[in-house]
Amino acid sequence: MSNDHNQSNMSPENSAHLRDLLISRVIDGSASPEDWSSFRILAATDAEVWTDLSDAQREHEALCEVMHAATAIADGIDLPGGSGSPLVFESRVTTASRWGGWAIAAVVLLGWFTGTISMNPGQVNGGASGGPTAGLLPALQQASPDEAFGQYLHAGQTSGQVVGEMPNQIVIETLPLEDGTIEVTFIRQIVERRVLDKAYREAVDEFGNPIVLPVDIQSLKTRKSQ
Amino acid sequence: MNERWDQTLPIESAIAGHSDALSQVWVGVRRWVAVILIAHKPREADLEDLLQLVALQVCRKVHEVRDPSLFKPWLRTVTINIAREQGRKASRKRVGMLRLVGRTRNEADQIGNMQLSEDAKRVLDAALSLPEKYREPVLMRCQQSMSYKQIAEVLSLPETTIETRIARGRRMLRETIELQTKQELEAEKKQRSRAIRVGGA
Chain R
0 MSNDHNQSNM SPENSAHLRD LLISRVIDGS ASPEDWSSFR ILAATDAEVW TDLSDAQREH
60 EALCEVMHAA TAIADGIDLP GGSGSPLVFE SRVTTASRWG GWAIAAVVLL GWFTGTISMN
120 PGQVNGGASG GPTAGLLPAL QQASPDEAFG QYLHAGQTSG QVVGEMPNQI VIETLPLEDG
180 TIEVTFIRQI VERRVLDKAY REAVDEFGNP IVLPVDIQSL KTRKSQ
Chain H
0 MNERWDQTLP IESAIAGHSD ALSQVWVGVR RWVAVILIAH KPREADLEDL LQLVALQVCR
60 KVHEVRDPSL FKPWLRTVTI NIAREQGRKA SRKRVGMLRL VGRTRNEADQ IGNMQLSEDA
120 KRVLDAALSL PEKYREPVLM RCQQSMSYKQ IAEVLSLPET TIETRIARGR RMLRETIELQ
180 TKQELEAEKK QRSRAIRVGG A
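Chains as they are written, first to last, in numbering that gives the first Met the number 0: chain R, 0 to 225; chain H, 0 to 200.
Just so you know, the hints here were simulated from the structure itself, not pulled from any lab data. Computed from a predicted structure; not experimentally measured. Among the clues, some could well be false.
As the list claims (entries may be wrong) - Taking beta-carbon pairs under 7 Å as the criterion, some of the chain H residues facing chain R (in silico): (1) Ser22; (2) Arg30; (3) Leu46; (4) Glu47; (5) Leu50; (6) Ala119; (7) Arg169; (8) Leu172.
Even glycine gets a Cβ: it sits at the ideal position worked out from N, Cα and C.
Same shape as in the complex, but just chain R:
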């Protein structure tokens, strides 16, 4: 940038642009001796440029610090590989989404996780592999949430209502606390099965309002007929 630039002859727009560029170059450490000369000439008539330079420098450093820390998370993200390779994942998703109907999709999903579902309520309780026996179960009112949950799984599996718990929990928020601990909000997913004599499906009427419609169960193919 030439030292010969006469600021007073410049349009206000060009002058502002030159000012921005000079400040930016000084911050980046890329200002040439000519840029510095222009900067000094500018500062002689506009002392505020020093304040602006110092503010811009401070803000740039603060932003760099934030961005550096924020993007550090990327260092922990590697390309997917091995058995969980993207191709395998993609084919699973495509297969699942190709099926029409929620009932079939649900069966596919259940099959997907068979064998990995925690079927043993004893594990939930952190107890022995044989699972809790009725006599040792604490009364529900005195039970801790984990114990009560274990009892629910055990009772549900005995009656056939609970199939199991999905192995993956969905984390929806993590919040580091001041005492050095971390608060994690997550979803535990339970797979249940029910036998119903009535079923409804969600639909939309001609005005776009959500409605529920009864499903004609008789018209559905039964498992035997398939």
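The hints should help you fit chain H onto chain R, whose structure is shown.
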């Protein structure tokens, strides 16, 4: 980040399907992918989730890149699309889930898993409120001092345009923060005078 960093990335081999080369390329670019995600994602969307989606898309689609010199603009487009589409979906879902359990998420206080100080939050908020064409180069310039040339390559723009946008973006950032500080001081002043009036009465 330096000039050699770019030249040594085996982009051609990665496109040809060599998984080691692809991993090496990913390691070289994942930080600036994170910057682009931050510049374009909704506040509530989780950066880590979106990075994983970009990684997945790179594996699936990198072979479609015709020319190694177009790899970076291609990756930027993929990243922006994921930030906008998936980010919106993910943030809606997450907010819905939190609402279900009677919670609200304040992503402005958090980026990734990092808690921000008031000053850092103010600068980041101001940077994220910049118009898109200034936001991205300003944030990229912060990333291990990416050179104007490297930023120009990613954004497919001339270097002079990048320099102008960064310079102007920095001025806008300064003005936004000045305005915020002024408004805060005025609000504080009003509150104090109201408190004095109430105390006097």
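- For this structure, which hints from the list above don't hold up? Violated hints: none at all, because every hint is consistent with the structure.
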